Amino acid sequence: MQHILQASVNSYAIGKVDGGYSAWGYQYVMPAIGSYSYDAGACTGNVNTAVPCVGSLSLDRSSVPDSLVTTEYLNNGTKGRLLRYNFDSDYLLNSSSASGSFVPAVQGYRSGVGNMQGVLAHNNVWYVAHASASSGVHGHLWGQTTTHSVATCGGTYQCWAEHPESLTYWQSTGQVWSLTEWENLRTVFAVPLSTLPS
Numbered sequence: 381m382q383h384i385l386q387a388s389v390n391s392y393a394i395g396k397v398d399g400g401y402s403a404w405g406y407q408y409v410m411p412a413i414g415s416y417s418y419d420a421g422a423c424t425g426n427v428n429t430a431v432p433c434v435g436s437l438s439l440d441r442s443s444v445p446d447s448l449v450t451t452e453y454l455n456n457g458t459k460g461r462l463l464r465y466n467f468d469s470d471y472l473l474n475s476s477s478a479s480g481s482f483v484p485a486v487q488g489y490r491s492g493v494g495n496m497q498g499v500l501a502h503n504n505v506w507y508v509a510h511a512s513a514s515s516g517v518h519g520h521l522w523g524q525t526t527t528h529s530v531a532t533c534g535g536t537y538q539c540w541a542e543h544p545e546s547l548t549y550w551q552s553t554g555q556v557w558s559l560t561e562w563e564n565l566r567t568v569f570a571v572p573l574s575t576l577p578s
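In the working numbering, the protein residues as written are 381 to 578.
Do not take every clue at face value.
What the hints assert, rightly or not - Here are the computed distance ranges between Cβ atoms for each label pair:
#1 His383 x Trp557: 14 to 24 Å
#2 Gln386 x Lys459: 33 to 43 Å
#3 Gln551 x Asp398: 36 to 46 Å
#4 Ser574 x Val389: 38 to 48 Å
#5 Gly492 x Asn455: 12 to 22 Å
#6 Gln382 x Val517: 37 to 47 Å
Hints are computed from structural coordinates only; laboratory data are not their basis. Bear in mind that the values here come from a model prediction, so they are computed numbers and not experimental data. C-beta atoms are modelled at their ideal positions from N, C-alpha and C, and glycine is treated no differently.
Just need the whole structure built from these sequences, with the hints factored in.
Put into structure tokens, the structure is as follows:
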């Protein structure tokens, strides 16, 4: 988080361009300063039984230790998996080997929700944003535990943002922040965590 940069050129390019830097229409970027990869190679994006296709991630400060939670978005609407990885004291993913080369997930669940575009975990509740595959149709937000799932708005599923993306929790305000994906309709918004299904 110490390397957030502001783009100086608004274009569909990514990287250095005439006049500065561009981030495909986004105003801020976080450059990659390291990476993790799966031993089994790349994911296919079509099945939830092979290498996970991480589609979103979030920091969970309510866990001990703090952890990274992820979800996968699969191309065909297949219900993806939720995974948790613990951080060490340097905020690197906590490895289980002396060489530090292997990082196991400490929790893994198969979600009952497909097309997951965002994930947030707080106090043992996982929240996932579901995006409709159709343009112009709102998605919905699910609260999930290991025993049940609850959608936002009771039984009305299409009451979250249109094509929602990432989720993050701002502790000092008690708000969950999210954003929408469509190019001409990008919206950043916040709602109180207390109003979400638990």
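Checklist line | Numbers of unmet hints, in rising order | finding: none
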